[in-house]
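Using the UniProt record's numbering, read the sequence shown as starting at 1 and increasing by one per residue.
One should not assume that every hint holds.
Okay, derived cross-link-like pairs now, SDA-like style, lysine to any residue, Cα gap no bigger than 25 Å in a straight line [what the hints assert, rightly or not]: (1) 10 <-> 32; (2) 10 <-> 33; (3) 10 <-> 62; (4) 10 <-> 48; (5) 10 <-> 73; (6) 10 <-> 65; (7) 10 <-> 26; (8) 10 <-> 36; (9) 10 <-> 37; (10) 10 <-> 22; (11) 10 <-> 20; (12) 10 <-> 51; (13) 10 <-> 74; (14) 10 <-> 39; (15) 10 <-> 35; (16) 10 <-> 59; (17) 10 <-> 72; (18) 10 <-> 31; (19) 10 <-> 50; (20) 10 <-> 60; (21) 10 <-> 23; (22) 10 <-> 45; (23) 10 <-> 21; (24) 10 <-> 46; (25) 10 <-> 57; (26) 10 <-> 43; (27) 10 <-> 41; (28) 10 <-> 76; (29) 10 <-> 24; (30) 10 <-> 69; (31) 10 <-> 56; (32) 10 <-> 47; (33) 10 <-> 40; (34) 10 <-> 67; (35) 10 <-> 52; (36) 10 <-> 66; (37) 10 <-> 70; (38) 10 <-> 63; (39) 10 <-> 28; (40) 10 <-> 49.
Hints listed in this document are in silico derivations from the structure and should not be mistaken for laboratory results.
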Amino acid sequence: MYEYLSDLLKNRFDMEAVPRPGLTLDELDVDSLTRAELGAYLEDNLGATIDDRAITGDTTIDGLADLLTSAGVAAP
1 MYEYLSDLLK NRFDMEAVPR PGLTLDELDV DSLTRAELGA YLEDNLGATI
51 DDRAITGDTT IDGLADLLTS AGVAAP
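Given only the sequences and the hints, what does the whole structure look like? Please build it.
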């Protein structure tokens with residue numbers, strides 16, 4: 001799931017570099033609008049139900065991967 005999310009951020013949300021584990025979304029310059037778009041994208045494309053408050057600036061990609069995995073969501 002981590003690789004899927006990293007690729008998603010890089011390719012769909014135009015990040016210049018592949019994110020490193022442990023970096024927060026704030027550290028990756030992912031603003032609140034992009035976080036909302038990311039949540040909507042994950043809901044629409046993976047069937048994930050994500051509380052809007054679950055994806056914050058302090059969220060790490062590996063933390064988001066764990067959240068999705070614990071909810072039973074699998075990467076495509």
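Hint numbers the structure violates, sorted upward? none
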